[in-house]
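Going by mature numbering (1 follows the signal peptide of the UniProt record, and there is no 0), the letters in the sequence shown line up with residues -20 to -1, 1 to 139, in that order.
None of these hints come from the bench; they were simulated from the model.
Glycine residues also receive a C-beta, built at the ideal position from the N, C-alpha and C atoms.
Treat the hints with care, since some could be wrong.
[To be verified] Derived CB-CB ranges, DEER-like: (1) Leu50 <-> Lys109: 34 to 42 angstroms; (2) Glu139 <-> Asp110: 31 to 39 angstroms; (3) Glu106 <-> Pro138: 18 to 26 angstroms; (4) Arg97 <-> Lys132: 16 to 24 angstroms.
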Amino acid sequence: MRIFLILIAGLAVTLGFAHRAQGQSVDAFVEMMEGVKDFQARIEQRIIIRFPNQSVPAAPGRSEKRNATLYNEEKIGKCLIMDRLVASRPGPKNSLELVTRERQLIRAYLGDGCLAREFYAGAYVERSKDGKLCVDRDLLHARTGAKCEIDKFRLLVPE
């Protein structure tokens, strides 16, 4: 208990909260606090999941356009498991394309007023309690400062 009181006293003196103990030693503060039985410690933790920007190949020339992959969109649900997402890149129509560990491509359509180009440097999201990224619940943050809601997810399947 005495070690805990010394730690609290040192912290209080360092932060300037020991108004009654000003000019007194740490031992005097510990003696003054020994009668106090209730201490409260508050520990907060924030986990941020970052999706780095995936390098986007150069714009295709005329000969490469024939070989460009076309995708069909399929419904995928309202939530994604955050731990499976590894990269992001801006997509068409104000959407963000997310890449999973399994190399699946998922298109996240951004809410009104959000521009996909804001996410050129990548995206991050604060980890939720359930570990999922969900539509109409979580905010995607761009490294440029933009914050966007997600309207829907679509799985991109090559034609």
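Hints versus structure:
no. : hint                                  : verdict
1   : Leu50 <-> Lys109: 34 to 42 angstroms  : 38 angstroms, holds
2   : Glu139 <-> Asp110: 31 to 39 angstroms : 34 angstroms, holds
3   : Glu106 <-> Pro138: 18 to 26 angstroms : 32 angstroms, violated
4   : Arg97 <-> Lys132: 16 to 24 angstroms  : 20 angstroms, holds
Checked against the numbered hints above, the structure breaks only hint 3 and satisfies the rest.
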